[in-house]
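When you get a sec, could you build the whole thing from the sequences and use the hints?
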Amino acid sequence: MTSLTSLSHQHRQALMSNPWFAGLPEVARDDILARVRSRALGPGQRLFSRGEASDGVYGVLEGAIRVSGVSREGRVTVLDFYGPGSWIGEVSTLEGSPRIHDADAHGAILVMHLAAAEFEDLLTVHPSLSRALLRLEAQRLRILLSALELYSASSLEARLASRLLMLAGSFGVSTPQGLKLDFQLPQETLAQLTGLTRQRVNQIFKTWESNGVIEQSYGRIVMIDRAKLEEIAQP
1205 MTSLTSLSHQ
1215 HRQALMSNPW
1225 FAGLPEVARD
1235 DILARVRSRA
1245 LGPGQRLFSR
1255 GEASDGVYGV
1265 LEGAIRVSGV
1275 SREGRVTVLD
1285 FYGPGSWIGE
1295 VSTLEGSPRI
1305 HDADAHGAIL
1315 VMHLAAAEFE
1325 DLLTVHPSLS
1335 RALLRLEAQR
1345 LRILLSALEL
1355 YSASSLEARL
1365 ASRLLMLAGS
1375 FGVSTPQGLK
1385 LDFQLPQETL
1395 AQLTGLTRQR
1405 VNQIFKTWES
1415 NGVIEQSYGR
1425 IVMIDRAKLE
1435 EIAQP
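Residue 1205 is where the sequence shown starts when you use the working numbering, and the numbers rise one by one after that.
Read the hints as simulated data drawn from the structure, not as lab findings.
A hint or two may mislead.
Stated by the list, open to error - The calculated SDA-like cross-link candidates involving lysine to any residue, where the alpha carbons are at most 20 angstroms apart (straight line), are:
{"no.": "1", "residue 1": "1384", "residue 2": "1423"}
{"no.": "2", "residue 1": "1384", "residue 2": "1431"}
{"no.": "3", "residue 1": "1432", "residue 2": "1372"}
{"no.": "4", "residue 1": "1410", "residue 2": "1392"}
{"no.": "5", "residue 1": "1384", "residue 2": "1415"}
{"no.": "6", "residue 1": "1432", "residue 2": "1380"}
{"no.": "7", "residue 1": "1410", "residue 2": "1431"}
{"no.": "8", "residue 1": "1384", "residue 2": "1401"}
{"no.": "9", "residue 1": "1410", "residue 2": "1400"}
{"no.": "10", "residue 1": "1410", "residue 2": "1434"}
Written out as structure tokens, the structure reads:
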């Protein structure tokens, strides 16, 4: 890891795009940035593994982190992707407990690492950070409960459409053709993310392509008719 002496405009924009970080007092933000170190990982490299002791908190500057788990039967479930501006690893660091999931680089990534001891010290120095973390975890709990409701009450098509729209919120880039996901997302990974089979994802995508809802090529997805996807995503 290397010290992060200054942030580029792109990286600062990424961090400030997260309402949680942007809402912190400036003195707390500056103190966090003074303590972090940068770390670059190549595609597929492991950031941390389930069962490892927590070494601190990570903030994403570039790329996407894939968080996943493996069942006893060896089935991989992708839980979420964390893009620029996101923070990850705070729960196990707060608890002093082992990591509960695997985190890997989905493509090349650049992250900031805030060591566990530094994180604990920040909580003491900046009481506002503790309150902000409570709000962050409340937001994530609300998202989790909404996802559980979606999975239990929605059709497979609605589940897939909803996930694509959520990813577009973090990784969508406007193009003349439509909203493009700014990283490669193979159908197998989408299946692991939604609890569908790859074959079912392929069937749904073919229907959507024929109806002009999306375009896909080599894992690159463009949402041509976002309004239609939002309609499909309704439970």
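Q: If any of the earlier hints don't hold here, list their numbers in rising order.
A: 8
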